[in-house]
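Trainee: Okay, here's what each chain looks like letter by letter:
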Amino acid sequence: MAEITAPPPVAHEAEHAGPPRPLDFEIVPMKGLPIVAVIMGLLIAAIASNKLWPLTFFHVAGGAAWTIIDLFLGLVLGPIMGKMSVPARIEFTTKLMPKMVLIMPVVVTATLAAGWQLATYLGTNLSANPLHGWVVASMIVVGVMAILALGLLEPANIAVLFELKKPRPNPAVIERLMKRFIYSAGILGAMQVATLVIMTKLSSG
Amino acid sequence: MTERKFPPFTEIGMLSLALIVIGGIYLSSHIPQHVPLGLPIALLIASTALVAINMALLTRVRGFAWDRFFQVGKWALLAYLVTAGLIEYAFLRNHLRGGPLVILTLSLLVYAVQVPAMIAFTVARYDTPGIDEVDGTLAHGA
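Just so you know, the protein sequences line up as chains R and G, in that order.
Start counting the first sequence at 316; every next residue gets the next number (the working numbering).
Start counting the second sequence at 13; every next residue gets the next number (the working numbering).
What the hints contain is simulated information worked out from the structure, not anything from laboratory work.
Just so you know, these numbers come straight off a predicted model, no measurement behind them.
Check each hint, because a few of them may be wrong.
Taking beta-carbon pairs under 10 angstroms as the criterion, some of the chain G residues facing chain R (in silico) [claimed, not checked]:
id : residue
1  : H42
2  : I43
3  : R80
4  : V94
5  : A132
Beta carbons are placed, not taken as given, at the ideal position from N, Cα and C, and that holds for glycine.
Just chain G, with the same shape it has in the complex (with noise of 0.2 angstroms):
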């Protein structure tokens, strides 16, 4: 099988997916008590960061499928929106206010990005510019 070179993007976004997850465990794990949020803002910038250059090394590799990352990306991004907003309920629901609440949120839209892009990346690092070779419907195979 002849390798195609890619930037890390699978480790850069788990990496990246990691830093919002202590985040969150530190701010979850301070209730009800006061939490310094230096922490959980330090964590989301490096986590955004990392999505951000994530993003821009794989605009450098050259013939990679974009109409396939798109196409996956979509549903995929579709897809854990919904449950990023479930999670987002649930804060509401426990009436999380101030700080802590923007950064969870944050937190919450950094995950809806990162996991389908990493979905979209792993589908389209196998395939070829152009998605002609899959039919094109989710349910019927794209």
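This is chain R alone, in the form it adopts within the complex (with noise of 0.2 angstroms):
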């Protein structure tokens, strides 16, 4: 991750340009929320359905979803942002994080209630399962990973919208937040690999 070493365009432009305005754009982007209820209305009714089809596709899909969101956020797109120019980087943030707000709290919670549920009704979630010890493994990876996710990652997601909407946003602090976000997504891309061998091993029974 390349440092940001210039004020964003803003500041520059405020020098000649009257006083500062913040850059246009949502920090929650409003027109996702009624896709969010219906993936949300719909995991319930596949939760309270307990049927494998529509649980095994929230788990899997979201599943999915979430370890290629990490893997390809910490491991590709991190180091291509810290190569970029400051304004470039800075329209592709205020571009993709807030949409990151959104997408990866579902994700998430998809992931997991599907899963839980999913485990459930296959059983493997007993202790006198052969796989159970397997599930187990899969829960401490996945409290681990949502440590990290929501005590480093979310919040300086969330910050670093709001520093970008500030007349003049600081530098030095967007710095520092976005290498937050991209170290903890780093972090969590190289975990989800071994959830990627737990999950395969409980597929494959």
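Since each chain sits alone in its own frame, please combine them into the complex, following the hints.
Mentor: Take a look at the structure:
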């Protein structure tokens, strides 16, 4: 991750064109909220129905999205962002991060809630099940990932957007928060490899 | 960048979360056998105490942007109450009852309070008291 060494464009413009104005973007994309509501509704319906296909769908689709986003963000997009110019990085951040505010909590909630129900349906969360040890291992991995995501990644995501919304964003604060976000995503991406090992073992018996 | 001094709010918050996660995994890994509740109760009490200590330490910070903290915190609280409610629903759907249900429900409450607090703190620590600098709606900036 490269360092942000110059103030964002808003601050430059402010020197020449009157008082600074905040960047025009939404911290929480309101248009996405109905989609979130629909997905959550379908997830509740899947859990209530307790049928194999909808539970598998939400767990596999959510888990795949979670894994791919973490790996791609941490190991591919992160290094690319680090090499971008400051204005390009800020523009990219204001486009990407608001979407992450909605996508990640939905993906994680769908994966975990459907996953627990699926384990209950299949009986793999019962201590007598021969695969129970793998399920407990997955809970431990997911637990560590959840602590990192909830304690470091998500707060940094929100905070960087608030900083960018200020009339005069502080480049040092943005750099610090983006580093925290990208490094956390990278660690989570690496831990997702462990999840892949466990989940492929569980699905193949 | 001039660094203001803050208590280790995020670190304590993550430790608090870790304790309830350990308790939750301990309980879940024993299903459907009888689960000794001593360890999960102790972890829950310790986790709740850490939440209280965290807030107490934060109230001692001079010039902290409390308006921003509560502005962000209330919306985050709403979002995390929804996710906690969904997880609670999954527990009830699977007929979880008695002591384990009470402990897991209280653990979810700690989660639903601690995570929004960490989000709100991370935003507010880089802010100054008074929220005039950023306009006042979530859709357009705060």
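Trainee: Now tell me, hint by hint, if it's right for this structure.
Mentor: Hints and how they fare:
no., hint, verdict
1, H42, "holds, 6 angstroms"
2, I43, "holds, 6 angstroms"
3, R80, "holds, 8 angstroms"
4, V94, "holds, 7 angstroms"
5, A132, "holds, 8 angstroms"
Consistency note: the structure conflicts with none of the earlier hints.
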